[in-house]
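As a plain string of letters, each chain reads:
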Amino acid sequence: MGKLKITASVASQVRLADGVYSMWIDAKEITDQSMPGQFISVYTGDSSKLLPRPISICETDRDKGLLRIVYRIAGKGTDEFSRYQAGDPVIIMGPLGNGFPLKAGSSGKKALLIGGGIGIPPMLELAKNLTCTKQMVLGYRDELFLNEEFLPYGDTFLATESGTAGTKGNVMDAIREHGLQSDVIFACGPTPMLKSLRAYALEHHIECYLSLEEKMACGIGACLACVCKSSEKDDHSMVHNKRVCKDGPVFKAEEVEF
Amino acid sequence: MNMKVNLAGVTLNNPVMTASGTFGSGEEYSELVDLNRLGAVVTKGVANIPWAGNPTPRIAETYGGMINAIGLQNPGMDVFIKRDIPFLKKYDTKIIVNVCGKTTEDYIEVVERLSDEPVDMLEINISCPNVKEGGIAFGQDPKAVEAITREVKKYAKQPVIMKLSPNVTDITVMAKAAEAGGADVLSMINTLTGMKIDVNRRTFAVANKTGGLSGPAIKPIAVRMVYQAARAVKIPIIGMGGIMTAEDALEFILAGATAVSVGTANFVNPYATTEIITGIEDYMIKYQIEDISELIGAVR
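Protein sequence lines correspond, in order, to chains A and B.
Using the numbering used here, the letters of the first sequence correspond one by one to residues 1 to 258.
Using the numbering used here, the letters of the second sequence correspond one by one to residues 259 to 558.
Hints may contain errors.
Said to hold, decoys possible - Listed next, the in silico DMTMM-like pairs over lysine to aspartate or glutamate satisfying Cα-Cα at most 25 Å (straight line): (1) B/K467 <-> A/D61; (2) A/K233 <-> B/E285; (3) B/K544 <-> B/E533; (4) A/K233 <-> B/D336; (5) A/K233 <-> B/D374.
As the list claims (entries may be wrong) - Sample of chain B residues with no beta-carbon within 10 Å of chain A, all distances over it, derived: (6) K360; (7) Y413; (8) D428; (9) G440; (10) T468; (11) E505.
Derived from the structure by calculation, the hints contain no laboratory data.
Owing to the predicted nature of the structure, the values given are computational and were not obtained by experimental measurement.
Each residue gets a CB set at the ideal place from its N, CA and C atoms; glycine is no exception.
Throw the hints in and build the complete structure from the sequences for me.
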């Protein structure tokens, strides 16, 4: 069927932490096709705000045709979404992007799933779908969210900048403190985190997949707003640029540069 | 009811096309939009060699609009010709290639190379505000506009559309200069140079500092300029600038545009182009308009 833009409806919404919300959306046509690590474009109902907000898919419930987004209020658009209630319409397009390669976490391997801040949500759907042994490392500034939902899928280690929970510091500090070993890393989070993980993975020769973020307009690979630097000349762009929305958001660590 | 329009001898099934830079070469949008329904696909700017474009962030949302400074990233004409033209040829739509360059020679190299390709028209971008050389540098001086138009016309086998910048004191001077240089059609308007400052990060919202403002915020300026240019020149005009709906498109047509391009609206609604075509049809039925030509420049 492919990606599509629809007016879906909000199934439920709750606040998880200060400025962080969890919304379940009734969108069977998109849910059915989605893969862990993909995202949707969410459009505001305010015609003065033109561009969709790209938000990762946190989880799906295929039986009910629901998908879940967990997002932080970053501006007026996401503030509008946070006020939606069950039954309200929500305009979305998806599923977008490539998603995490599940086969990279095949049985027998040991995977490390690393999420930082609002990069944590997409790791949940990945944790649910990876068949191999998993350990999670979740990094927060201070207030926790979603961490308990990872517990059924493996050991979950926390890091907080404030030191209120887990390791005081960032996800790299938690990895060192617990001496976490892995065959493959999957990660989503702020650019400095991804940058350190990339260096760590390349140094230790660990297969590593990073989910990137960039300001987007079209969300489907046409406008070339959301490019990242690629190590090699890209076949599509013919320059050292890849499209985060279409070629990504998930890239192999050695594919991209920060 | 006739929606066909004629641009310098090229007949479009309807007056609605895509605006350069917002639709790639159509492939990405073809998953969502039936390209056969479009009057034409205007491609993203193509240069003689690949261009890497500007650093990110390349875009920022503004009230009723957006600022972009992509910097004309493109894969260069070789890949474009091998990959994108054959893709577009599969559809019953016209192919208009937007051409960009840093020097007159660059433009001519692309124009010459495209001369034997199955391309319907060429749109010459002399109005991009986001590159240091070329682009707008050609579009803000009437002598330069006339000169590059004349040079391009010497080599082009397809009709030539000159895409004008609104970042000028008097648009009619530029429109007349392009016409004097032999332009077959005018495309207007490109984006308005703008700036947005991120007050939280205390820096520019786009890395290029300035960018091109597009979207409904600029539409009244675009309609006014199309109206002025339509009264100043005899060649047809493709109108654009913030068209979101059929009503917006009709404003441009009534102001004097023979065809219209839809740009930023594609980001807001990927189905915008086809919805606008349907909306124009509905309008023609409602007001019993037999031929769309009755509407072109009807408001004087």
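Outcome of the hint check:
1. Proposed proximity of B/K467 and A/D61 is contradicted: the alpha carbons are some 43 Å apart, above 25 Å.
2. Note on A/K233 and B/E285: the hinted pairing holds, with a Cα-Cα distance of about 21 Å set against a maximum of 25 Å.
3. Restraint check for B/K544 and B/E533: the C-alpha separation of about 16 Å stays at or below 25 Å, so the hint holds.
4. Restraint check: the Cα-Cα separation between A/K233 and B/D336 comes to about 15 Å, which is no more than 25 Å; the hinted pair holds.
5. Restraint check for A/K233 and B/D374: the C-alpha separation of about 29 Å exceeds 25 Å, so the hint is violated.
6. Remark: the non-interface label on B/K360 is consistent with the geometry, its nearest Cβ contact in chain A lying 15 Å away (cut-off 10 Å).
7. In this structure B/Y413 is separated from chain A by more than 10 Å, as the shortest Cβ-Cβ distance comes to about 24 Å.
8. No Cβ of chain A comes within 10 Å of the Cβ of B/D428; the nearest lies about 30 Å off, and the non-interface call holds.
9. For B/G440, the requirement that its beta carbon stay farther than 10 Å from each beta carbon of chain A is met, with the minimum near 32 Å.
10. Listed as outside the interface, B/T468 is consistent with that label: its C-beta sits roughly 16 Å from the nearest C-beta of chain A, beyond the 10 Å cut-off.
11. The Cβ of B/E505 sits about 13 Å from the closest Cβ of chain A, beyond the 10 Å cut-off, so the non-interface label holds.
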